[in-house]
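The letter at position 288 of the sequence shown is residue 288 when you use the working numbering, and the numbering goes up by one with no holes.
Note that these hints are calculated values from the structure, not bench results. Accuracy of the hints is not assured; some may be wrong.
Quick list of the computed label-pair ranges, beta carbon to beta carbon [said to hold, decoys possible]:
| # | residue 1 | residue 2 | range |
| --- | --- | --- | --- |
| 1 | 206 | 263 | 56 to 66 Å |
| 2 | 117 | 221 | 27 to 37 Å |
| 3 | 262 | 161 | 32 to 42 Å |
| 4 | 265 | 36 | 25 to 35 Å |
No residue lacks a Cβ here, since even glycine has one placed at the ideal position from N, Cα and C.
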Amino acid sequence: MTLVSPPDLSRYARFVQRTGRLGGRWVLAWPAVILGIFFVIPFLLLLRVSVAESGFGAMGNGGFTAASYLAAFQNDVFVYSVVFSVVLAAVVALISIAAGFPFTYAITRMSRRAQVCWLVFVLMTLSLSEVLITFAWQVMLAKRVGISNLLVWLGLMAEPVSLSPNLGAVLACLVYLVIPFTVLVLFPGMSRIDPQMAEAARTMGATPARTFFTIIVPIMRGPIVTCLMMSFIVGIGSYVAPMVLGRPEHWTVAILISKAATASNDMPLASAMSVLFLAVASVICLIIYRLGVRKV
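Whole structure, please, built from the sequences with the hints as guidance.
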């Protein structure tokens, strides 16, 4: 009787192991490839244009010079716009957290059906574009059909007035745009908080406010930092809301960059402004991140 020896599977196993490693590397390499195509390469092009000599066209007059950076530093309007954009974004981030955090906490304490309804409503607001929301706010704040007519009907105002353009209209619109993102970021972590922790704190004599600030807020520190960074980025890069609902003194850097690139046709200056503003925003986001991960 002849015994048939089993096939040698060692080669096949080594082949599968090598191909598995190669496939895993390719899977991990895809995000780097996408990041390089859509961020690194455009940013390098932006840097190149920013050091070109001023002139018409995408590359100006070519060459290498730092004149556009000096012009941006010496432009008082640009410096003011940078400071205003940073302050505006910080205020929007703080207001969105202050309003979105208790709102999200209230949603997590509702029934499952109510939670689904509120989350669907939040997702529906995200389906609207920034342009549509901004013009809706413009109509709502108008003199003829705006909310001032409702205030007149309630006897709170003598006559209808236009509530835009002003800084309050810009803030209200940006906060409205940011709060849905805040709720969606906070909800997963907040819904996993054990309600018995708050009950135990109240049993020990803590008031609801103290329980909220000493138990809930510290647990949600990571998502709060994420919301702050996200809200800050949305606010600092806003374009449509300040343009439509604000005056020229309420314009952000994004509007100035657009004006330099389109109206003045000075692409090197617009690129230099973009690089400087990106550096400022990156430093501030890094500071927010470091404050968030620092141990207390």
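Q: Determine which of the earlier numbered hints do not hold for this structure and return their numbers in increasing order.
A: Of the numbered hints, all hold.
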